[in-house]
Each structure stands twice: as structure tokens, then as C-alpha cells.
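Undergrad: Sequence:
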Amino acid sequence: MFSLWTPSSLCPVTHSLAQNTATGSPVRLQTVAAEGQPEVTPALEELYRGFEQELLVPLWTEIGDLMPAHPRSRAVPHLWRWEKLRELAAQAGDLVPVGRGGERRAIALANPSLGGRPFATPTLWAAIQYLMPGEDAPEHRHTQHAFRFVVEGSGVWTVVGGDPVPMNRGDFLPQAGWNWHAHHNATAEPMAWIDGLDIPFQYVTEAQFFEFGRDEISDAERVTPERSRSERLWGHPGLRPLSATPTTPGSPLLSYKWEYTNAALRDQLLLEKEGFGGTVEPGHAAVRYSNPHDGTDVLPTIRAEFHRVARGAETASVRETGSSVYQVFDGSGTVTVGDRSWTVTRGDLFVVPSWEPFSAKSEAGDSDSDSGALDLFRFSDAPVFEALKLARTQKDA
1 MFSLWTPSSL CPVTHSLAQN TATGSPVRLQ TVAAEGQPEV TPALEELYRG
51 FEQELLVPLW TEIGDLMPAH PRSRAVPHLW RWEKLRELAA QAGDLVPVGR
101 GGERRAIALA NPSLGGRPFA TPTLWAAIQY LMPGEDAPEH RHTQHAFRFV
151 VEGSGVWTVV GGDPVPMNRG DFLPQAGWNW HAHHNATAEP MAWIDGLDIP
201 FQYVTEAQFF EFGRDEISDA ERVTPERSRS ERLWGHPGLR PLSATPTTPG
251 SPLLSYKWEY TNAALRDQLL LEKEGFGGTV EPGHAAVRYS NPHDGTDVLP
301 TIRAEFHRVA RGAETASVRE TGSSVYQVFD GSGTVTVGDR SWTVTRGDLF
351 VVPSWEPFSA KSEAGDSDSD SGALDLFRFS DAPVFEALKL ARTQKDA
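Residue numbers for the sequence shown follow the working numbering, beginning at 1 and rising by one.
Bear in mind the hints are in silico, worked out from the structure with no lab data behind them.
Treat the hints with caution; some may be incorrect.
[Unchecked claim] SDA-like, lysine to any residue: derived pairs with alpha carbons at most 20 Å apart: (1) Lys361 - Gly235; (2) Lys257 - Arg229; (3) Lys257 - Pro241; (4) Lys257 - Gly312; (5) Lys257 - Gly238; (6) Lys395 - Ala69; (7) Lys84 - Leu95; (8) Lys84 - Arg346; (9) Lys257 - Pro237; (10) Lys273 - Ser371; (11) Lys273 - Glu320; (12) Lys257 - Arg232; (13) Lys257 - Gly235; (14) Lys361 - Ser230; (15) Lys395 - Thr279; (16) Lys395 - Arg378; (17) Lys361 - Arg311; (18) Lys395 - Arg346; (19) Lys257 - Phe276; (20) Lys84 - Trp342; (21) Lys395 - Lys257; (22) Lys389 - His70; (23) Lys84 - Thr345; (24) Lys84 - Gln129; (25) Lys361 - Arg229; (26) Lys257 - Asp171; (27) Lys361 - Glu314; (28) Lys84 - Glu320; (29) Lys361 - His307; (30) Lys361 - Glu320; (31) Lys361 - Thr334; (32) Lys361 - Phe385; (33) Lys361 - Arg346.
Put together the whole structure using the sequences plus the hints.
TA: Next comes the structure, spelled out in C-alpha cells:
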């Protein structure tokens, strides 16, 4: 069973969701002799039975779990190897239809400490999606905010609100909630990419809606332009069209091209080399994808960034409230999350839970990286924490 809270070793009283057989209550309290807790007496036992009957839980029995000294995430650091994910996705392509029913051939990452739920972290969903040659993923819409990021391949178009958007290696494609969208593969090769959504956040807050759309898109939408209409209107760096004002949350630009991301990261490292700064720390270039209308995050609940760590450079160890999912876009290196370290290569995905320290060391070279660096795509739930004034960052010594 999935529960919002898990028992803590600091909690001196057990609290269970199972029915108490004596009272029929889902609350079950057990007195335990512990420092700072009331003396165990028949009167205290009677009091706790009264709490159970009236569905009450006293704070003094739960404070270690509900109010810890610092975040203790239910998620744990974990790594998924892209080579294995892609192999399993290809098998699913042969066995699993992409039409109504399964709706999408999307295979979610399940954090090993979240009870088997398809959640990468308590707030973030990440999945590999796989589309076979000539296939269409039918139209639907949902309140969950989403994006697609392409680590390899090309030839699929996502059609958002009737606008066909090409998907190519390195492209980041955000899509705010409640937009109709479908996909079609116009090539003779299968294609895989990663999806990121705020499904767990909307699930736990009970805010989600979903609707089926058309089973098939029109011939007019089944075109393959090099640039979508959204790119032609909003995709000019530093220039905002006066003719358009977005009416929905999230970025009106539906594709952030790799060529611009790559150029920005390359120029930051060149500026640093020339002695003019430009990087967040030595050898570490980074950009955030932003809404061209107002400069905010591309999605209301998801922040997306791209990090480039030059060969031999190592990032400072940082803790943050909120969780992140990273995908290695290119290169190789060692990443450390909490007490776990892994050697990573192209496509690998890993989770950084809330307040776990994270650092990365680049071991990339010309043989495994187009840029000669360790390139990392990252998405997080930072906008939620900032909106609630719960964001906190700490650099470890």
C-alpha cells in the first residue's frame, strides 16, 4: 500500500493504517516507554484507545516523523542504465500496442523505496517512451504538466494543439497541462525519448484530470516541418512577438533546439577560458530553459536545466529541498548522490532525492562526447518549492 508518510525510527509510537480490530478505527496507537514521552500507565492506554475511536493522533507520538530536523526523503538515490531501458522498450515495441488502452508505450522509472509506484521521486515522473515506425500515439490531454527530451534519434513529431513539432537529438519540448497532443513517427526507424511529468505531485494533491481526444490526427497535422508554428513565432532569442500573449500557463515555445543550448554552454566555457567568467563554477557551464514571454520556468511545476562539466572538472557538493532527475546526454563521468557513486555514460538516468548531496566529476573525452565534456539534462520540482517559500540550498564543504 502507498502511504504519504512512512514510520520513522524516531517515532516512539506505532501508527498504522490497518483497521484496529478492537475499535474498527484505522488509527492504531501503542504506548512505548521513551525519553520525552508520557509515563506508560493504564490511564494513558485508555486515553490512546479514546484517540483511536475518535480518529485522533497526538503530535507527541509523530513529531519525529512529521517534523524532522531536515528533509528525509522517501525516495532513495538510484540509477537506471539507458542501454537496458532501450532494450526493454524495444521489446515492448514488438509486444505492446500503442493505441487506446495502454494509450502510450511509456515505461516509468519506479524508485525502489516508493512501494512499487511508477514514481521516480515523490513529485516527479520519468519514463522512456517508444514509438515504432509509422505509428501514431493517439490524441489526449491531461492537467499534468509534461515535457519530452530527446537523447538520441529523430523522425517523430509531437502534435500539440494542431501544431506539428519536430523532435531531434538534444531538443527539449515542454508542454503545459490541458493541451491536446499526439505523436507520429514519420520514418522507417523506431525512436525513444524520455517523458517528464508532475504526475506524483498531482496524484498526491488529488488535482488531476484526463480526457481522450481523437483516435487519429488529420492529414494537415501529419506534416513534417523543420520548425513548428510555435518556433516561428516565439523561437527568436531575445525577441518577444507583440502580436501574441499566452493565455495558458507554461511556455508558448514548444521546442528548445539543441543548437542553441549547445552554443550557450560552449560560449560560457570559452568566456571562462578567456578570463571573463560566465560559468557557475570553474569548468561548470549551465543554462535554465525559460519562458520567452516572461522569463519564468517553462512549466508551473517543473524546472529544466542543462549542465556541461568540462573534462577533469568536478562540481561542488550541493543539497537542495525538492528532488531532481538527471539524464546523461553525452560524455562520461562519476556522479555521487548521498552515499552512492556511479560511473555514468550517455542516456543513463539517476535520481537526486530532497536534501541528498549531489556532485559530478567529468571524465569525458573526444571518444565519448561531441563536446568533450559531461553533458547533463536535469529536471526538478523547484518551482513548487519556490512558490511555497520552501526552497533551500546548501553547498557542502
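Undergrad: Against this structure, judge whether each hint is valid.
TA: Now the hints, each set against the structure:
no., hint, in the structure
1, Lys361 - Gly235, "violated, 33 Å"
2, Lys257 - Arg229, "holds, 14 Å"
3, Lys257 - Pro241, "holds, 19 Å"
4, Lys257 - Gly312, "violated, 27 Å"
5, Lys257 - Gly238, "holds, 15 Å"
6, Lys395 - Ala69, "holds, 18 Å"
7, Lys84 - Leu95, "holds, 17 Å"
8, Lys84 - Arg346, "holds, 12 Å"
9, Lys257 - Pro237, "holds, 11 Å"
10, Lys273 - Ser371, "holds, 15 Å"
11, Lys273 - Glu320, "violated, 29 Å"
12, Lys257 - Arg232, "holds, 12 Å"
13, Lys257 - Gly235, "holds, 9 Å"
14, Lys361 - Ser230, "violated, 37 Å"
15, Lys395 - Thr279, "holds, 17 Å"
16, Lys395 - Arg378, "holds, 18 Å"
17, Lys361 - Arg311, "holds, 8 Å"
18, Lys395 - Arg346, "violated, 27 Å"
19, Lys257 - Phe276, "violated, 26 Å"
20, Lys84 - Trp342, "holds, 16 Å"
21, Lys395 - Lys257, "violated, 31 Å"
22, Lys389 - His70, "holds, 16 Å"
23, Lys84 - Thr345, "holds, 12 Å"
24, Lys84 - Gln129, "holds, 14 Å"
25, Lys361 - Arg229, "violated, 39 Å"
26, Lys257 - Asp171, "holds, 5 Å"
27, Lys361 - Glu314, "holds, 4 Å"
28, Lys84 - Glu320, "violated, 29 Å"
29, Lys361 - His307, "holds, 12 Å"
30, Lys361 - Glu320, "holds, 19 Å"
31, Lys361 - Thr334, "holds, 5 Å"
32, Lys361 - Phe385, "violated, 27 Å"
33, Lys361 - Arg346, "holds, 14 Å"
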